[in-house]
Amino acid sequence: MRTVYLDNAATSFPKPARVTEEVARCMRHYCGNPGRGSHALSMAAAEKIFECRCACASFFGGGAPQNVMFCMNATMALNTVIKGSLRKGDHVLISDMEHNAVLRPIDKLARDGEITYDVFPTFLNDPHACAPRICTAIARGMKENTRMLICAHMSNICSAVLPLEEIGRLCRARGILFVVDAAQSAGHIPIDMERMCIDALCVPGHKGLLGPQGSGFFILRDGLTMDTFIEGGSGLYSLERGMPEDPPERYEAGTLSTPAIAGLLEGIKTVQKIGVLTISQKEHDLNVYLQRQLERIPNVEIYVPHLHGSVLLFNKRGVSSEELGRQLNEYGFCVRAGYHCTALGHTTLGTPEGGAVRVSPSFYNSRSEMELFAETVEKLSK
Amino acid sequence: MQQMRLMGACTAGAGGLTQAMQAQKVLANEGIAVQVIKSDASEKRGCAYVIQYPCASEKQVREILRRANIRLRDR
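Residue numbers (numbering that gives the first Met the number 0), protein chains in the order written: chain A, 0 to 381; chain B, 0 to 74.
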């Protein structure tokens, strides 16, 4: 039985050959500990990491390579930025579509009595929702002590994209830190930190950028500093008790994953070669095509059908999403069912108890696979 | 990247390795070849990274890095 992978919102698969080959080449030939020694392998690893920093900074309009900090994944990037920046008494705004990677650290800080937060509406169920309406709602929610606004660029449960440029301008005008979770958008749609007034961009390497798992990073705007989230060896000023003052070493305690970062660099090069807009268009077309196929099937309910991008969310009435996901797996389709770590977003969209089935194809999927998927859903409906 | 210290060469503290590599890249774009070297561990704060360049280019190096917003540390 052929496997059709449609869970790219969780992690992209398959990875391009140049990614897997570079990971292997790194482990075979130059996997010294970067920034820890002056020998050839340590320096070779450091040079590869520096090359990847340059690529990340350039790809997202993030300025100097020193602004790029590597970590495990977007969740760790978000935790580092959130917990390194917020102070007791701060107020935070988050969108009603946030993943638990944002909601949980923010809610924990609130439960600990450190901060307060509010959720702003994105009006995603309204086909006529527009940037000014969202910004008006955000402005209403801003308080004197609002220090940070966090939002996902693209939802992980539907194809909603938030108007970053407008939200960013509003935050910049009010002196509020604008933190963006680019878990679903990086590599799928263009991001320009400078134009969008983004202060901190949190990115997974293993999704749209086609890198290995363990290759996350965040980019801080020029000159923005914060407290450290973890401390430890940095290979720099070892006689001092505190972490170095300058980025990126300040925020990168412990050994980086050189193989993952080397693979990420090849993933970014692949995305650049194909073109983000080409990827975006292909995913949009697959989404529209699949939706048309699924709409013909009785008992299938598609959520926010007016939005088209890399994610489609649906249910089949009378069957739980988990059961449908399990049945689809028996036919070779890899999809994700349930709440997708985004209970807040599911509440906003109004999905039933048990969540829904998420289909997230990639540039590498085809229309014929969408047809086969819809035929299988129909077959399972009978 | 060579680690050898050259006779007649000047060095400037760059702090972290990333900063040193960025300085090297910026200077290379201006036609000045520099080396990144790990400093002596016996220094007051512990080891860091320095860039090594021809002393004849000292003024030019500092000006290029100043324009690129790359801070050098006096050692």
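Since the hints were derived computationally from the structure, they do not count as laboratory data.
Incorrect hints may have been included.
To be verified - Listed next, the in silico DSS-like pairs over lysine-lysine satisfying Cα-Cα at most 30 Å (straight line):
no., chain 1, residue 1, chain 2, residue 2
1, B, K43, B, K58
2, A, K378, A, K142
3, A, K272, B, K43
4, A, K107, A, K87
5, B, K43, A, K268
6, A, K87, A, K14
Computed from a predicted model, the values in this text were never measured in an experiment.
*Of the hints given before, which are not true for this structure?*
2, 3, 5, 6
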